[in-house]
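If you're matching them up, the sequences are chains A and B in order. Under numbering that gives the first Met the number 0, the first sequence has 360 at position 361, and the numbering climbs by one with no breaks. Under numbering that gives the first Met the number 0, the second sequence has 133 at position 134, and the numbering climbs by one with no breaks.
Worth flagging that the hints you see were computed from the coordinates, not collected in a lab. There could be a bad hint or two in this list.
Claimed, not checked - The list that follows gives simulated cross-link-like pairs (lysine-lysine, DSS-like), each with its CA atoms no further than 27 Å apart: (1) LYS44(A) <-> LYS149(B); (2) LYS244(B) <-> LYS86(B); (3) LYS161(B) <-> LYS314(A); (4) LYS161(A) <-> LYS149(B); (5) LYS614(A) <-> LYS484(A); (6) LYS35(B) <-> LYS244(B); (7) LYS176(A) <-> LYS161(A); (8) LYS326(A) <-> LYS343(A); (9) LYS172(B) <-> LYS202(B); (10) LYS81(B) <-> LYS22(B); (11) LYS642(A) <-> LYS202(B); (12) LYS202(B) <-> LYS186(B); (13) LYS427(A) <-> LYS472(A); (14) LYS202(B) <-> LYS161(A); (15) LYS186(B) <-> LYS161(A); (16) LYS343(A) <-> LYS358(A); (17) LYS161(B) <-> LYS358(A); (18) LYS22(A) <-> LYS181(A); (19) LYS146(A) <-> LYS161(A); (20) LYS161(B) <-> LYS44(A); (21) LYS38(A) <-> LYS22(A); (22) LYS358(A) <-> LYS315(A); (23) LYS591(A) <-> LYS202(B); (24) LYS315(A) <-> LYS343(A); (25) LYS314(A) <-> LYS326(A); (26) LYS172(B) <-> LYS44(A); (27) LYS202(B) <-> LYS161(B); (28) LYS181(A) <-> LYS38(A); (29) LYS614(A) <-> LYS591(A); (30) LYS186(B) <-> LYS78(B).
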Amino acid sequence: MPANGTGEDYRVTAAVPATAGLKSVPALLARNASAFGDKAAYREKEFGIWQSWTWSETADEVEALALGLLTLGVNPGDHIAIIGRNRPSLYWSMVATQAVGAVPVPLYQDAVGEEVAYVLDHCQARFIIAGDQEQVDKVLDIQDRLKGLDHIVYLDARGMRKYDHSKLSQFHELQAKGRAQKSSLMAELQARTDALTYDSTCVMLYTSGTTGRPKGVVLSNQNIIETSKNSCEFDGLGAGEEVLAYLPMAWVGDFIFSIGQAYWTGFCTNCPESAGTMMLDLREIGPTYYFAPPRVFETQLTNVMIRMEDAGRFKKWLFHRYMNVAKRVGPQILDGKSVGLGDKLSYALGNLFVYGPLKNTLGFTNVRVGYTAGEAIGPEIFEFYRSLGINLKQLYGQTEASVFITQQPDNEVRPDTVGVPSPGVELKIADSGEVFYRGPGTFVEYFQNADSTADTKDPEGWVATGDAGFIEKDSGHLRIIDRAKDVGKMADGRLFAPKYVENKLKFFPNILEAVVFGNGRDRCCAFINIDMTAVGNWAERNNIAYGGYQELSQHGQVLDMIQRHVEEVNASVASDEMLSGCQIHRFLVLHKELDADDGEMTRTRKVRRRIIEEKFADLIDALYDGSPQISTTTEVTYEDGRKGSISATLELRDAVVVQAQMAAE
Amino acid sequence: MLHSESFVTPDGRTIGPTVMEMKNITLRFGGVVAIKDISFDIREGEIRAIIGPNGAGKSSMLNVVSGFYNPQEGEVWYKGAKRPPMKPYQVARQGIARTFQNIALFEGMSVLDNVMTGRLNHMTSGIFSQALWWGKAEREEVANREAVEKVIDFLEIQHIRKTPVARLPYGLKKRVELARALAAEPKILLLDEPMAGMNVEEKEDMSRFILSVNDEFGTTIALIEHDMGVVMDLSDRVVVMDYGKKIGDGTPDEVRGNQAVIDAYLGVAHD
Numbered sequence: 000m001p002a003n004g005t006g007e008d009y010r011v012t013a014a015v016p017a018t019a020g021l022k023s024v025p026a027l028l029a030r031n032a033s034a035f036g037d038k039a040a041y042r043e044k045e046f047g048i049w050q051s052w053t054w055s056e057t058a059d060e061v062e063a064l065a066l067g068l069l070t071l072g073v074n075p076g077d078h079i080a081i082i083g084r085n086r087p088s089l090y091w092s093m094v095a096t097q098a099v100g101a102v103p104v105p106l107y108q109d110a111v112g113e114e115v116a117y118v119l120d121h122c123q124a125r126f127i128i129a130g131d132q133e134q135v136d137k138v139l140d141i142q143d144r145l146k147g148l149d150h151i152v153y154l155d156a157r158g159m160r161k162y163d164h165s166k167l168s169q170f171h172e173l174q175a176k177g178r179a180q181k182s183s184l185m186a187e188l189q190a191r192t193d194a195l196t197y198d199s200t201c202v203m204l205y206t207s208g209t210t211g212r213p214k215g216v217v218l219s220n221q222n223i224i225e226t227s228k229n230s231c232e233f234d235g236l237g238a239g240e241e242v243l244a245y246l247p248m249a250w251v252g253d254f255i256f257s258i259g260q261a262y263w264t265g266f267c268t269n270c271p272e273s274a275g276t277m278m279l280d281l282r283e284i285g286p287t288y289y290f291a292p293p294r295v296f297e298t299q300l301t302n303v304m305i306r307m308e309d310a311g312r313f314k315k316w317l318f319h320r321y322m323n324v325a326k327r328v329g330p331q332i333l334d335g336k337s338v339g340l341g342d343k344l345s346y347a348l349g350n351l352f353v354y355g356p357l358k359n360t361l362g363f364t365n366v367r368v369g370y371t372a373g374e375a376i377g378p379e380i381f382e383f384y385r386s387l388g389i390n391l392k393q394l395y396g397q398t399e400a401s402v403f404i405t406q407q408p409d410n411e412v413r414p415d416t417v418g419v420p421s422p423g424v425e426l427k428i429a430d431s432g433e434v435f436y437r438g439p440g441t442f443v444e445y446f447q448n449a450d451s452t453a454d455t456k457d458p459e460g461w462v463a464t465g466d467a468g469f470i471e472k473d474s475g476h477l478r479i480i481d482r483a484k485d486v487g488k489m490a491d492g493r494l495f496a497p498k499y500v501e502n503k504l505k506f507f508p509n510i511l512e513a514v515v516f517g518n519g520r521d522r523c524c525a526f527i528n529i530d531m532t533a534v535g536n537w538a539e540r541n542n543i544a545y546g547g548y549q550e551l552s553q554h555g556q557v558l559d560m561i562q563r564h565v566e567e568v569n570a571s572v573a574s575d576e577m578l579s580g581c582q583i584h585r586f587l588v589l590h591k592e593l594d595a596d597d598g599e600m601t602r603t604r605k606v607r608r609r610i611i612e613e614k615f616a617d618l619i620d621a622l623y624d625g626s627p628q629i630s631t632t633t634e635v636t637y638e639d640g641r642k643g644s645i646s647a648t649l650e651l652r653d654a655v656v657v658q659a660q661m662a663a664e
Numbered sequence: 000m001l002h003s004e005s006f007v008t009p010d011g012r013t014i015g016p017t018v019m020e021m022k023n024i025t026l027r028f029g030g031v032v033a034i035k036d037i038s039f040d041i042r043e044g045e046i047r048a049i050i051g052p053n054g055a056g057k058s059s060m061l062n063v064v065s066g067f068y069n070p071q072e073g074e075v076w077y078k079g080a081k082r083p084p085m086k087p088y089q090v091a092r093q094g095i096a097r098t099f100q101n102i103a104l105f106e107g108m109s110v111l112d113n114v115m116t117g118r119l120n121h122m123t124s125g126i127f128s129q130a131l132w133w134g135k136a137e138r139e140e141v142a143n144r145e146a147v148e149k150v151i152d153f154l155e156i157q158h159i160r161k162t163p164v165a166r167l168p169y170g171l172k173k174r175v176e177l178a179r180a181l182a183a184e185p186k187i188l189l190l191d192e193p194m195a196g197m198n199v200e201e202k203e204d205m206s207r208f209i210l211s212v213n214d215e216f217g218t219t220i221a222l223i224e225h226d227m228g229v230v231m232d233l234s235d236r237v238v239v240m241d242y243g244k245k246i247g248d249g250t251p252d253e254v255r256g257n258q259a260v261i262d263a264y265l266g267v268a269h270d
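Modelling step: build the complete structure from the supplied sequences, incorporating the hints.
As structure tokens, this is what we get:
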């Protein structure tokens, strides 16, 4: 592994000034309504049919809601929380909130009461726009703690008839009220919208945070608009794109894709009918621009492979024959490199028989630009999609950067880097190896948290990412090693980088999640979560009977299988001089899936090490004291917030480690 | 006992006057007396449960209400008029829909098509018009599809809309059956063991759907159920049967304290 750059400064072209007048999202909306008023802006599948709204209809809906918010007495600077699944009405809520000078705060719809209470209380939200009864109930349960709360607006009226409506309004009724008072309120609305500047707050997003309380990241109009403009130009995105909005609205990526870039270019945002129909809707829409975390790509690949196992012999043969062709020449063809005539012909046939139909089934037929980020993606998974001709790329970003820090340009795509700095973004690597950046998307501040702001962002605007990485000398691509604070030293001083090993483990379809321990200790041990889909399917094929997740996870043959995976990873880790100390000596397979509801992961599914270390301290001790098995009881939280507990006896296994090659030649 | 007044429950639902009344029903199969002289009423907008040990005659009772069996003795009064002996399809046209204890769906058809069959009584176009797919038949299909989609949305089964029923797990099949019954827009909904064979989570889902059907559409519901917890939580009034006889009738609390009911469920020592 090459040495880290020290204090190097990778300067890219300076930020392009924004087009005059377009200094807020409502201003972009007005531009879109006049420039492409008849073009579809939003679609949502409802009652089995795709309903659509043009840009001029969207402008009308947003205006009606903004007027409605004025009738409720929204003041400039108020915080309005928005919680629910991806629906056009909730996107309009964000823009209407901005139009009246207030600040939208989208929340994770699956957050439990406690998390919601913290955020609502922290930002002193006066108003809440909720998707349905479930979300309203969540807020009403904690309303005693919300001193600032004034009024709740809800979208789906189902089950809401009997609620006390003194502090509740239905979304469409509020819009109607706004429309009715248009003549008297329009001047006020216009004045508030006109008062928005480049520095006004566009949105406030709470970061999930792998440690501590969530922090409210304040992003200005400049952050969002310039980032959107730059990233659209980087990938040549235009008004003709179709995206499927299915990722949580509280996540910065969804805000950039479904609001920032959509309003900048005027492309169409499609909302699925429900979480369960997302894959079907994806296929019907056929997005041209698509984003998914690695896990979604992994799941889709696992499903394809499981279904191919059930196919007839001829189909299986056809699939494997042409997938081999794709593996060999697909990525080169995608990058526009020349390959032999025979290969070209084979690939064309493969496209006809396998890749085309497969892409159609997956909903990827029209994807021009696809991104994955958030976690490392397995090289095999990455290559699989690229070999089919899908332009899947990686980007590296965070909420504080309005997403984009680095991204991969077309034809420079590799599984092990996260690309070059995004337009306008500067990078530097500190002596400690930590990656710093600054750019047009750099956040304004953490809301009411000057200490954290100062810790993260220095006076010159450089922001610490918290990730350790280095820039490759010849390609200029950034490579991320691990979270800087997770990288540690083992007792004998060797480097400890848990993520590096965990990612290798997670690349096996049977392993969903892994947590490696070893900081300050003499050897590494690991927790493993099995992937229920893959392992369940394997069990079915091998006539292994099991009663549920817990039983399957402790089955002897499953443990054997996981042990083989761990030992393979050890062999691979051993070949890396710097990290050979991170081989896993002992492991256990957890009896429950790590879950955000139990606080073990963030809502974006990142492992919270400290909490896991506390919660499963008994298991970690057992891994290190050599006991062959351990009985444990774990508290779990159900989706409705109730608590329960599960008990299990876990078997602990030793894994073979490879002696590191002493001193490379 | 006939109720003519309406009242509002503590949770805000309106329970109206008696909509259906069973008067001294006796049903025999040869020498076996399945139901012996039973009378009770169902009020508009309420959730009425029929409970009892195995073989008590609960399903037979429901089949009398649905017109599948015609009792040898007794009268069925519906909306203030005595109901003459009827075929089940005639009863269905009067606005009484049901689900079955053993799921009775068309296994080879999609969920959507199955639920569409529930709209049969709302279709009036002739066979020729339907064959040509023109005019009234087309308009009717669109209107019925819309009604069906609302039910699909209500019961949250969008993701299996086009899936053949045979491929669904048991709990979802039960929900599809409820969807088909709801698609008929019934005045009275009869549910024969809606939670049988379900796990706790599925039972909770089904309970939630039953309550929201009653709440949102004001549908009167008569249900048979074995799970006592569910019955006591859901229903406004409960009829208890044992060996074809009515041994209790009242609110869940009244029934819970009824000695005859306790004996029927827990058994009594015989000297």
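Checked hints:
Between LYS44(A) and LYS149(B) the CA atoms are separated by roughly 13 Å; this keeps the pair inside 27 Å, and the hint holds. Between LYS244(B) and LYS86(B), the direct Cα distance comes to roughly 25 Å. Compliance with the 27 Å bound is thereby established for this hinted pair. Simply put, LYS161(B) and LYS314(A) have alpha-carbon atoms about 25 Å apart, close enough for the 27 Å limit, and the pair holds. Taking the CA atoms of LYS161(A) and LYS149(B), the gap is near 21 Å; set against the 27 Å cutoff, the hint holds.
Distance hint between LYS614(A) and LYS484(A) is fulfilled; the C-alpha atoms sit about 20 Å from each other, no more than 27 Å. A threshold of 27 Å between alpha carbons decides the hint, and for LYS35(B) with LYS244(B) the separation of about 5 Å falls inside it, so the pair holds. Under the criterion of a C-alpha separation no larger than 27 Å, the hint pairing LYS176(A) with LYS161(A) is consistent with the structure, at around 21 Å. Using a Cα cut-off of 27 Å, the hinted pair LYS326(A) and LYS343(A) holds, with the two alpha carbons roughly 13 Å apart.
The suggested pairing of LYS172(B) with LYS202(B) holds, with an alpha-carbon distance near 13 Å, which does not exceed 27 Å. As the CA atoms of LYS81(B) and LYS22(B) are separated by approximately 10 Å, the hinted pair is consistent with the 27 Å bound. The hinted pair formed by LYS642(A) and LYS202(B) meets the criterion: a straight-line CA distance of about 19 Å does not exceed 27 Å. The suggested pairing of LYS202(B) with LYS186(B) holds, with an alpha-carbon distance near 24 Å, which does not exceed 27 Å.
Annotation: proposed proximity of LYS427(A) to LYS472(A) holds, straight-line Cα distance about 13 Å (limit 27 Å). Of the supplied pair hints, the one linking LYS202(B) and LYS161(A) holds, its CA atoms being roughly 24 Å apart against a limit of 27 Å. Distance hint between LYS186(B) and LYS161(A) is fulfilled; the C-alpha atoms sit about 21 Å from each other, no more than 27 Å. At most 27 Å may separate the alpha-carbon atoms for a hinted pair to count; LYS343(A) and LYS358(A) meet this at roughly 19 Å.
Between LYS161(B) and LYS358(A), the direct Cα distance comes to roughly 21 Å. Compliance with the 27 Å bound is thereby established for this hinted pair. Under the criterion of a C-alpha separation no larger than 27 Å, the hint pairing LYS22(A) with LYS181(A) is consistent with the structure, at around 24 Å. Of the pairs offered as hints, the one joining LYS146(A) and LYS161(A) holds, with about 24 Å between alpha carbons and a cut-off of 27 Å not exceeded. Among the hinted pairs, LYS161(B) with LYS44(A) is consistent with the structure: their alpha-carbon atoms are about 15 Å apart, no more than 27 Å.
A hinted pair counts as satisfied when its Cα atoms are at most 27 Å apart, and LYS38(A) with LYS22(A) qualifies at roughly 22 Å. Of the supplied pair hints, the one linking LYS358(A) and LYS315(A) holds, its CA atoms being roughly 17 Å apart against a limit of 27 Å. Using a Cα cut-off of 27 Å, the hinted pair LYS591(A) and LYS202(B) holds, with the two alpha carbons roughly 23 Å apart. Annotation: proposed proximity of LYS315(A) to LYS343(A) holds, straight-line Cα distance about 22 Å (limit 27 Å).
A C-alpha spacing of about 18 Å is found between LYS314(A) and LYS326(A), which places the hinted pair at or below 27 Å, so the restraint holds. Among the hinted pairs, LYS172(B) with LYS44(A) is consistent with the structure: their alpha-carbon atoms are about 24 Å apart, no more than 27 Å. Taking the CA atoms of LYS202(B) and LYS161(B), the gap is near 24 Å; set against the 27 Å cutoff, the hint holds. A C-alpha spacing of about 25 Å is found between LYS181(A) and LYS38(A), which places the hinted pair at or below 27 Å, so the restraint holds.
For the hint pairing LYS614(A) with LYS591(A), the CA-to-CA distance comes to about 13 Å; that is within 27 Å, so the pair holds. Distance hint between LYS186(B) and LYS78(B) is fulfilled; the C-alpha atoms sit about 11 Å from each other, no more than 27 Å.
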